[in-house]
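Protein chains in written order, with my numbering: chain R, 1 to 257; chain C, 1 to 371.
To be clear, the hints were calculated from the coordinates, so they are not data collected in a lab. For glycine and all other residues, C-beta sits at the position ideal for the given N, C-alpha and C. It is possible that part of the hints are untrue.
To be verified - Within a straight-line C-alpha distance of at most 20 Å, the following computed DMTMM-like cross-link-like pairs (lysine to aspartate or glutamate) qualify: (1) C/K306 to C/E278; (2) C/K313 to R/D216; (3) R/K104 to R/E81; (4) R/K222 to R/E33; (5) C/K120 to C/D332; (6) C/K135 to C/E159; (7) C/K26 to C/D39; (8) C/K313 to C/E278; (9) C/K249 to R/D105; (10) C/K151 to C/D109; (11) C/K151 to R/D105; (12) C/K135 to C/D166; (13) C/K306 to C/D350; (14) C/K67 to R/D216; (15) C/K147 to C/D166; (16) C/K147 to C/D109; (17) C/K249 to C/D109; (18) C/K10 to C/D231; (19) C/K120 to R/E57; (20) C/K63 to R/D216; (21) R/K104 to C/E254.
Stated by the list, open to error - A short list of chain R residues far from chain C (calculated; beta carbon distances all over 12 Å): (22) D3; (23) I4; (24) A76; (25) N113; (26) T213; (27) L239; (28) E244; (29) A246.
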Amino acid sequence: MMDINDDFLELGGHKFSSRFILGSGKFSLSLLEAAIKDAKAQIVTLALRRVNEGGSENILDFIPKDITILPNTSGARNADEAVRIAKLARELGCGDFVKVECIKDSRYLLPDNYETIKATEKLANLGFIVMPYMYPDLNVARDLVNAGAACVMPLGAPIGTNKGLTTREFIKILIDEIDLPVIVDAGIGSPSQACEAMQMGCAAVMANTAIATSGDVRAMAKAFALSIEAGRLAYLAGLGEVSEIARASSPLSGFLE
Amino acid sequence: MQRIDESLMKRVLSLRESYEYERYGKADVARALKIQRVDIEGLRALLSPAAGDFLEEMAARSKSEMKRYFGNSIELFTPLYISNFCDSNCVYCGFSSHNKISRLRLKIDEVKTELENIAKSGLKDVLILTGESAKKRDLGYIGEACKEASKLFSNVGVEIYPLNSDEYAYLHECGVDYVIVFQETYSPEKYAQVHIGGQKMSFAYRFNAQERALMGGMRSVGFAALLGLDDFRKDAFATAIHANLIQQKYPHAEIAISCPRLRPAKNKSEVNAGKVDERSLFQAICAYRIFLPFANITISTRESAKFRNGIIKVAASKISAGVSVGVGTHSDTGKKGDEQFEIDDTRGVDEIYTDIRALNLQPVMSNHIYV
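Isolated chain C (complex conformation) (with noise of 0.2 Å):
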């Protein structure tokens, strides 16, 4: 595992630890909002049960940071796991290696099928996804089938394990342009308790992969914080900061951000996914409009279609469609693998196409190019 200089992580814990979300009132959050660029300041009052208040005026906030940053276009993309085989022992993931699913990895040959079958729908973004398992999924498998998606899509990602540096090299020549490393939650205790066995168990190594990535050459990187497995405002604050300040030390660098809250899994009727609220979720997305302007902000199909049809409209940017989080789906080869966890929005991309010309808005299949 590479190490590389930690400071950038030592500044992100001590901010979150030091954030009492409980001092702010309703006065920092009409000053907050009356900030041209809202500072950490700010968008600690923004994340604040005070704001909890102050919604209508975040969403107009929100709505004209985005407008102005990204205009009337919202970017469609879909994910394609490829594998299910996790070597990672994480309590709430129904890839958990300790969970009995159907495990299925995708011949590369099948890969391509299912790529084609995405492509069909006119989508040009996709993001290759696998569980965590270095073992059985080398990383010259993931980079084949990144060769393959980057011959029909103009935008390939990966949301995989974490790499070293010369890793992320290798799949950006093989076609990679953005990764999403969800960090999961920014609390080392926390995180420790729920990742129980597996690589994903180095708290560091995960919480440097971006920077990694951008030593590697990829253009874009992703961040997020399950919301709900820890204190989530902390958790969206921390995800706020780690991307402000990669963004901060790597200029070129395109931020995105993703707001995924804990969702039902098989064999996890343990999980609380019921823990951050929708109004609480739109809070925070808001404040990551506002303190990040210039970020892409990207809803999943965790959410319902209405919450994804409300919050493009105010706060996000980007919107996964046709979405299936299972292995193999996306082909007629009778072979599936189990879901890493139950989606809520399930309108194909044609119908969420439609459904954001309706809202005035400009769907947009392609933005990107390689160069």
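Isolated chain R (complex conformation) (with noise of 0.2 Å):
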């Protein structure tokens, strides 16, 4: 059988045994840390606006030491200044890993691919570990391969909506095409859309709408783990074939045997 202990998440040469990334962006601080304890999270975003220096209570304060903190270049409209914001965040000791984030379109906040994959591309040459969020399209997701991507993150939906994988036909095509982590980000609303998510074979799954609004935090953060730890599993078990005919379990024609 399987050991799910066995399998890691790879990216960037460092390995995660959690496959949950939390996002940070609409907690009350005061839940943060305990919601990243009840997701076992091993990395969370961080927008780098939010980061308050010198303020009364610095987001970095409620993220435990051992987390992998991933700064979101959230604000840019293009690449150069998602590369000024990951500079920025490496200077203020966030490491090297970066979430590129290039938004310009403040109603939807769908990523713009073109300025996605040249940020990619700088950051990946000044040795960062780039996360691109993109639309899924086959196109881009080659080009950020090629661009020096640690992972490619397609939406499911757009952000906040809680709509689950509403691009899945697309995701199914980047897991089958792409030599990279499919993390899928975005739109993903319940435990149960995770859990889909890591049965269709994405790497991971990042979510923060779902968890930040639901009645009970904790709660919905330790579904999500579990959730995903299922799908994850139930991925590497390989799923039965979905057939439109009915197949007995005790086939019919056995006592010909």
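Grab the two chains, each in its own frame, and use the hints to assemble them into the complex.
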């Protein structure tokens, strides 16, 4: 039997036993630490613009030291701005990971794939472990691979909608064709949707709104952790084939043997 | 004065003119609240008198939209008035050029001291304000003040007289990232009646300020009608439409809406500040949130602490704190300029911070990064 304890998510040479990336943007800080623990997350995203230098509360103080911080370039409208934010994050001691977000639509917050490719190439050349948030497009994903991305992070649905895998077919294509971890990002609204993404073969799931806006943040964080693990295990086990016709578990022609 | 294409303004004014809110009934409101993405017709219903019976339903929908876009976060900021000189004569405003008040323009080193004192509170977002006086408060002066502000604050905005796009570009270079311009009323007729002198008399130039600001490179623009100056339902409707159309035309633009009501001001006893009651204000703010769920909505100290604590749980995503609307009031220089209007909520930054936490919300000081 497959031992899930030997199963790791690898990003830029780093290994993670958890495949749940937790967003920190919508939490109350007092709940964030508990949510990280219940989610068993090892990677937590951080919008650099939210880092309150010298203020009364600093989000960095609420993220345990053994957690890998994934600063994002939230607020960047183009590649140049994303690169500058990433450099600032590194100067602030946030490490070499960076989630590239290039967004120039403030209504739907859809990523600009063209600028994302440019930012990824520049940041990879600067030694960053680049995790680009993207609209699921195979050609773009191939360009991101060539640009030096450590993974691709297609959206399941627009940010914050909790609508789940509305881009399911396109994410499946990326999983089939791209030789990098495919991490579904944005739109995942329930543990069952996260589980489905993992069963499909996504390498990890990122979620924020679904947990931060739930009635019980800690319970929902735990539910996501369990569902992601279940989905991963199911994927590794290999799902049974889907058939249009009935196939009896005890074959009807069995008596002929 | 720079002129730009006025088709957007004509559309807003035409929509405002044709808005007959008495036509809308309960069924229209109920229908609007069921629509996933509320359209202009839905907005009309939500701002109608009929929606007054649906405040609880509107609040629930509004809260849900706000959670989705902003989570638990409430941004904090404070205004800093650096001058109360004004060339414009507006009948409702304490800064009006014809109003006899104590006038003051801070020197740059005084601005710096005020900024340093504000920064000690932990705030990282400051809005620089002046009266509408291009003559006495030249742009270079405002630019210098903004440069000082950007050294201490992660987000700097201006609420000053409207500028041309190249002037906005200059302020952007000085560290300004957002611009707020209140249209006051979207009725050109009423506008002419209450703005009787100075640059502010030009309705169209003011209307197009946000667009010129975006052309000048600003990231965020803010809109508002001064509710109570004219028909507040029509003005609230026009405000939301204006913001929506600008965002559609400039998709990268971050949109903010303020919700000011008329307030009493020194020597302005004739101003009727009670025209729009709190229930109506609440309805308008919820309608803004439902129609433009992604927009920042600011609630100012014109409102009571009780109202502000209530509305940030439901619809408003940004709140001012430690506010003074006078000049030179953040330092002990001995010189003070009179206030623009009387504020209601006098809580300091710490108190508001604590109150936000007590509401299970997350006060956010820094939500911007200069790149």
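Structure-based check of each hint:
A C-alpha spacing of about 11 Å is found between C/K306 and C/E278, which places the hinted pair at or below 20 Å, so the restraint holds. Pair hint C/K313 plus R/D216 holds up; C-alpha atoms about 18 Å apart against a cutoff of 20 Å. Our distance criterion of 20 Å between C-alpha atoms is met by R/K104 and R/E81, whose separation comes to about 11 Å. Between R/K222 and R/E33 the CA atoms are separated by roughly 13 Å; this keeps the pair inside 20 Å, and the hint holds.
Restraint check: the Cα-Cα separation between C/K120 and C/D332 comes to about 15 Å, which is no more than 20 Å; the hinted pair holds. Restraint check for C/K135 and C/E159: satisfied, since their Cα atoms lie roughly 16 Å apart, inside the 20 Å limit. Proximity of C/K26 to C/D39 is assessed by CA-CA distance (about 17 Å); at most 20 Å being required, the pair is judged to hold. Our distance criterion of 20 Å between C-alpha atoms is met by C/K313 and C/E278, whose separation comes to about 15 Å.
Between C/K249 and R/D105, the direct Cα distance comes to roughly 11 Å. Compliance with the 20 Å bound is thereby established for this hinted pair. Simply put, C/K151 and C/D109 have alpha-carbon atoms about 14 Å apart, close enough for the 20 Å limit, and the pair holds. Distance hint between C/K151 and R/D105 is unfulfilled; the C-alpha atoms sit about 28 Å from each other, more than 20 Å. Distance hint between C/K135 and C/D166 is fulfilled; the C-alpha atoms sit about 18 Å from each other, no more than 20 Å.
Using a Cα cut-off of 20 Å, the hinted pair C/K306 and C/D350 holds, with the two alpha carbons roughly 16 Å apart. Taken as a hint, the C/K67 and R/D216 pair is honoured in the structure, with Cα atoms around 14 Å apart against an allowance of 20 Å. Annotation: proposed proximity of C/K147 to C/D166 holds, straight-line Cα distance about 17 Å (limit 20 Å). Our distance criterion of 20 Å between C-alpha atoms is met by C/K147 and C/D109, whose separation comes to about 12 Å.
Using a Cα cut-off of 20 Å, the hinted pair C/K249 and C/D109 is violated, with the two alpha carbons roughly 40 Å apart. The suggested pairing of C/K10 with C/D231 holds, with an alpha-carbon distance near 19 Å, which does not exceed 20 Å. With a C-alpha separation of about 14 Å, the suggested pairing of C/K120 with R/E57 holds against the 20 Å cut-off. Under the criterion of a C-alpha separation no larger than 20 Å, the hint pairing C/K63 with R/D216 is consistent with the structure, at around 17 Å.
For the given pair, R/K104 sits about 10 Å from C/E254 by alpha-carbon distance, which is consistent with the 20 Å threshold. No Cβ of chain C comes within 12 Å of the Cβ of R/D3; the nearest lies about 37 Å off, and the non-interface call holds. Taking the minimum C-beta to C-beta distance to chain C, about 31 Å, the non-interface status of R/I4 holds against the 12 Å cut. Chain C draws R/A76 into its interface by the beta-carbon criterion, the shortest separation being 7 Å against a cut-off of 12 Å.
No beta-carbon of chain C comes within 12 Å of the beta-carbon of R/N113; the shortest separation is about 15 Å. Look at R/T213: its CB is around 5 Å from the nearest CB on chain C, not clear of 12 Å, so calling it non-interface is violated. Every C-beta of chain C lies more than 12 Å from that of R/L239, the closest at about 32 Å, which supports listing it as non-interface. The non-interface label for R/E244 is consistent with chain C: the shortest C-beta to C-beta separation is roughly 34 Å, beyond 12 Å.
The beta carbon of R/A246 sits about 38 Å from the closest Cβ of chain C, which is more than 12 Å, so the claim that it is off the interface holds.
The structure does not agree with the numbered hints 11, 17, 24 and 26 stated previously, though it agrees with the rest.
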